[in-house]
Structures are given as structure tokens and as C-alpha cells.
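> If you want the building blocks of each chain, they are given just below.
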Amino acid sequence: MAAMLISPGLLFLAVISYYPILDTVWTSLHQGSVLPTRSETWVGLENYQTVIDDDSFWNAFKVSMIYTFVSVPIEMVLGLGLAILINRNFRGRYVALGAILFPWALPTIINAEIFAWLFHGQYGVINDILVRIGILDETFSFLAKPDAALYSMLFVTIWKTTSFVALILLAGLQSIPSDLYEAAKIDGASKIRRFWHVTLPLLKPVILVALIFRTLPAFQVFGLPYGLTDGGPGESTTTLVLWAHRETFNSLNFSEGAAAANLITIMALIICLIYVVVLYEPEVR
Amino acid sequence: MSVRTRLQELREGKSRQFGETVGFYFLIVLLCLVSFFPVLWILRTALMPPADVVQFPVTYIPESPTLQNFQDAFDQQPLGRYLFNSLVVASGTAVLCVVLGSMMGYALARLEFRFKLPILMLILVSAMLPFFGRLIPLFELALEYNFLNSYLGLIIPYTAFQLPFAVWIFQAYFKELPDSLEEAGRIDGLTHLGVLFRIILPVSAPAMATTAVIVFIFAWNEFLFALTFMSEQKMYTVTVGIALYGGQFQNPWGTIMAAVFMAIVPLILLLVLFQTKIIEGLTEGIGK
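First to last, the sequence lines map onto chains A and B.
Numbering-wise (our numbering), the first sequence opens with residue 1 and increments by one.
Numbering-wise (our numbering), the second sequence opens with residue 1 and increments by one.
Rather than coming from a laboratory, the hints here were simulated on the basis of the structure.
C-beta atoms are modelled at their ideal positions from N, C-alpha and C, and glycine is treated no differently.
Treat the hints with caution; some may be incorrect.
[Said to hold, decoys possible] Listed next, with one range per pair, are the computed distances between beta-carbon atoms: (1) A:273 - B:116: 17 to 27 Å; (2) B:75 - A:56: 19 to 29 Å; (3) A:8 - B:50: 45 to 55 Å; (4) A:41 - B:273: 49 to 59 Å; (5) A:91 - B:268: 31 to 41 Å; (6) B:116 - A:91: 39 to 49 Å; (7) B:87 - A:8: 46 to 56 Å; (8) A:273 - B:76: 47 to 57 Å; (9) A:190 - B:268: 16 to 26 Å; (10) B:54 - A:174: 19 to 29 Å; (11) B:24 - A:190: 28 to 38 Å; (12) A:182 - B:116: 34 to 44 Å; (13) B:193 - A:11: 14 to 24 Å.
Can you build the whole structure from these sequences, using the hints too?
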């Protein structure tokens, strides 16, 4: 009975989730197979060597690292602030929650198109606002300058995903029993002390969840640079997955693509492992 | 304490409270402005005649609003077809996730069987597997079995991607149901499967709605697999259609924004109708 209920779903996961991971390992260890023929020649780590020797790979690595480790901490801080702000009853809460959910629900690629228009170098409204209030003297091509393009991309992702962090942290805040705050209040703890000594420690496991849920997608971002800047100018916003996708599907060299995919997977795992080691404390409560 | 100072204190307290309320609502309004501004800007751009769109300084309110861009969006590209494709793929994924997720969730929450914990781990870990690491072999499989440019070619992987989430929601929901429900069914002579379909599923509408809505949004929004698997224009989902719209430097922004607006209307509707469900679903199990 249980087997009957479980097996269809397990079959899906086996074929779509686990088999591909193993197959990617196999492909990456064999000589450059160009579809539809698969090569059977074992080459060991040669494909990995080719990827590691490629300067563009390291450039993409740098872009992805900056993208992840600048955006995620900012999202955490802003998300926590937002969660604390709306963790109460007030008129208009429904609208505020809608404002938080909306950026989450937008497709990343369409969000990228929207912001490509907002940031437009000639007719963009962001340029218009900055010129009107006097921050800029004339229009600025945000997406045509390497550094500015990267900062713009960070801005867009922070705009979109802070809300998700806020939702997760809000759920965490709501699970903290209010008598703990009452007790701290009676002991004369100030608001700031209550935050540091009650809220943050109890929120730690939820923060860990939010960190992992945000870091994994951030490290594998594809749609945002694809739609916003197409990885440019030059390769200044080409992230790891965007680079690997191009390498794989432009040349159809699936072996190198597979090696790159595995390197990305391993890096993502290492980052998560570091989080867990640093932040996980069994039985916090 | 004299009456006067007490009064003064009260007044000060009140004005401080008032100040806090003003500050609070200022932040809430700021939040709404920052979040909703892009939608307003999409609409504003979509409603403008093309010549007005490319002006600087920009006009904030369309002076002569027109639906021309919407007309163009549907005429110049098969936007209707893109929307239909997305609808089929997203609905198919949602249905499949509800069916498979409720079955697995039921077994994990209410039945005893061997290897329960390893299976649960297998399901949850699969949620963390990177997408790009699975793209290449799945592309090869799809090529081999003629699943490229077909709805199932996207529905099947999307279902696998969202299944862990669906299982998570259903098992949490089923755990909370009272045992008496099942017992009543067993007394009436129903099998386990009968209990699931006749008794449990009919009272599971909340979990189904949560799962279906969130899975639908995910499938509607997905881009990496849709771009890679759908190479024929008539099979593009709406995310792919919009991403490949026009050339890179002479983009018809009014038309694109009209298409973008059409692509996000279903999402806005779902948010308005199911806000509470979506929030519950995204945060299920957090802080427990």
C-alpha cells in the first residue's frame, strides 16, 4: 500500500533528480561528446582541467561570488528589518503583505526585462528621477558600464528577493513566545538588548534556513543576467550558470559543460556546508 | 506627582505614540511604493504611443493613452500562444504535483513502512539539487525520447522539481488530521486507498490550494529549462517569448511592457486571491 503511493513519485525523483546528477559525473569524465553521439572514451579529469584553465570560468566565478555574497547579506539585514516592521497587527497589513509577496512572484527573467527598461540609459525612469533631484547631471548608462552593470544587477536581485527573506523571518518571529519578551521587559532589558539576547538567538535556525534558501539560487542565477545585461558589457555580469549554459549549448560540448556543472554543484555544497558548520546548534531551545 | 505633570506626561506619551505611528506608516507606504512602482511603470509604458515612450525627460502619466501596444504585442508575436503554452505547462505541473504529492504525503504522514526516514531524506535532499547540474542529462533524455518542444517535456521535470515541496505541504497537513476520520472509513470497509481518495482528499482542499498555487507560479516563472527545451517559437512559454522579444538594442519597449503586463496578470490574480495560502505554504514548518 505505502509502496504503491510512494513509488510513482520516487520514480520521478529517481529519473529527473538523481539519475542526471550521476550521469553528469559520467559525462564529465569522458571525452568531448557532441550530441547526439556520446563518446565512450574515458579521459579522467581532462574536461575539468579545460574548464579550470579557462579565464572566463574564473571571471564568472568571481561575478557569482560577488553577486551571492554582496546580495545575500544585504537581503538578510533588510529582510529582518522588514519582518520586524510588519510583525504586528495594523490597518493595511494585507496590502503590505501583498507588497512583500509581489516581487517574489515575478518571474526572474521578466523582472530582468522590467528593470532593463527602468535602468535604460536614455529613456529610463531611474535616470529621470536621478537627474530631476540633481544626483546626476545627465543620463547615465547603468547597464553599459562594467561596474555599474554589476551594481544594477545586485540592486535588482535585492529588490526581488528581500521579500522572500522577510516572509521566512516573519514566520520565525511569530513563533517566538511573547512571554519571553515580557520576562525580558520585567528584567528591565531595553528594546535593543531584547533584540540581541532574545530575538536573534531564537531566530538563528530560521536565519540558517533563509541563508541556504537564498544562497543556492543566488549562486546559480541565470535569468537575471540573461535578461538584464546578457552577461555584459564584456563578461562583467556573466555568472557561472550563464557562462556554463553558453559554453554547453553554443558548442554542444556536453562533456565540458558537465564538468562545469559539477564544479558549480560542488561549490554550492561547500558554501552550504560552511553555513551549517558555523550556524547550526542542535537544541537551541 | 501633581496633576499637571501627569497630564503633561500623558500628552507627551500620546504625541510620541503618534510620532511612532506616523513613522511606521511612512515606512509601510515606502515599502508599497518601492514594490509596486515597477507594475505602475509597466502599465504607464504599455499605455503610451511608441513615440512618447522614447522621450527624455520622461512623462509620468500617459497624455494620450492607447491600447496600440497590446494590439501589437499580440499581432507581432504569438503572445496568445505563449500564454496558452505557459497555462498548459503550469496547470499540468500543478495537477501532477497535487496528485503525486498527496499520495506520498499521505503515506509518509499516516502509514508505517520500512525505510520511511531514508525515503523522506531522499525527497528533501532532491529539493536542494542544483538545476544546471541536471539540465544536460535531461536535455539528452528529452532529445532521445522526443520530449523537446512538447508540453510533457517541461511538465515532467517541473513536477520532479516541485514534488519535494508538495510532499512537505501535504504531509504537514495530513499529520494534523484526526485519526477518527480514517477509523470511520475503515469501519465502513474502505481500503487505505479508498480512505485516501474518499475521505482524506475531500477534506484536503486547503493543502491542495496551497500546493497548486505555488507550484503553478513556479512553473509559470521557470526560464532555464523552458529556454533550453522549447526551441520552436510556437512552443515558447511566455517567459521565453518575452526574453527573446525584439533585438537587443532597438527594443520596442511599449510592446514589450504590454506583453510583460499580460504575463504577470495571472500572477497578480493569484496573489490577490490566495495571499494567505501562499504565505502559509512558503513558510510551512518554519519556526516549528
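> Looking only at beta-carbon atoms, does the pair residue 54 (chain B), residue 174 (chain A) fall within the given range of 19 to 29 Å?
violated (47 Å)
> Is 31 to 41 Å respected by the C-beta to C-beta distance linking residue 91 (chain A) and residue 268 (chain B)?
violated (22 Å)
> Given a hint of 47 to 57 Å, does the C-beta separation of residue 273 (chain A) and residue 76 (chain B) actually sit inside it?
holds (49 Å)
> Cβ-Cβ distance between residue 182 (chain A) and residue 116 (chain B): within 34 to 44 Å?
Holds, at about 40 Å.
> Just tell me: holds or violated, for the beta carbon distance of residue 87 (chain B) and residue 8 (chain A) against 46 to 56 Å?
violated (24 Å)
> Starting from the hint 45 to 55 Å, judge whether the C-beta atoms of residue 8 (chain A) and residue 50 (chain B) obey it.
Once the Cβ atoms are compared, 51 Å apart, the range 45 to 55 Å for residue 50 (chain B) and residue 8 (chain A) holds.
> State, for the Cβ atoms of residue 24 (chain B) and residue 190 (chain A), whether the hinted interval 28 to 38 Å holds or is violated.
About 19 Å separates the Cβ atoms of residue 24 (chain B) and residue 190 (chain A), which means 28 to 38 Å is violated.
> Given the hint of 16 to 26 Å, is the C-beta distance from residue 190 (chain A) to residue 268 (chain B) inside that range or not?
violated (42 Å)
> Measuring from beta carbon to beta carbon, are residue 41 (chain A) and residue 273 (chain B) in 49 to 59 Å?
holds (56 Å)
> Determine whether the Cβ-Cβ distance between residue 193 (chain B) and residue 11 (chain A) falls within the hinted range of 14 to 24 Å.
holds (18 Å)
> Given the range 39 to 49 Å, decide if the beta-carbon distance of residue 116 (chain B) to residue 91 (chain A) lies inside it.
holds (46 Å)
> For the pair residue 273 (chain A) and residue 116 (chain B), does the Cβ-Cβ distance stay inside 17 to 27 Å?
holds (26 Å)
Checked against the numbered hints listed earlier, the structure breaks hints 2, 5, 7, 9, 10 and 11; every other hint is satisfied.
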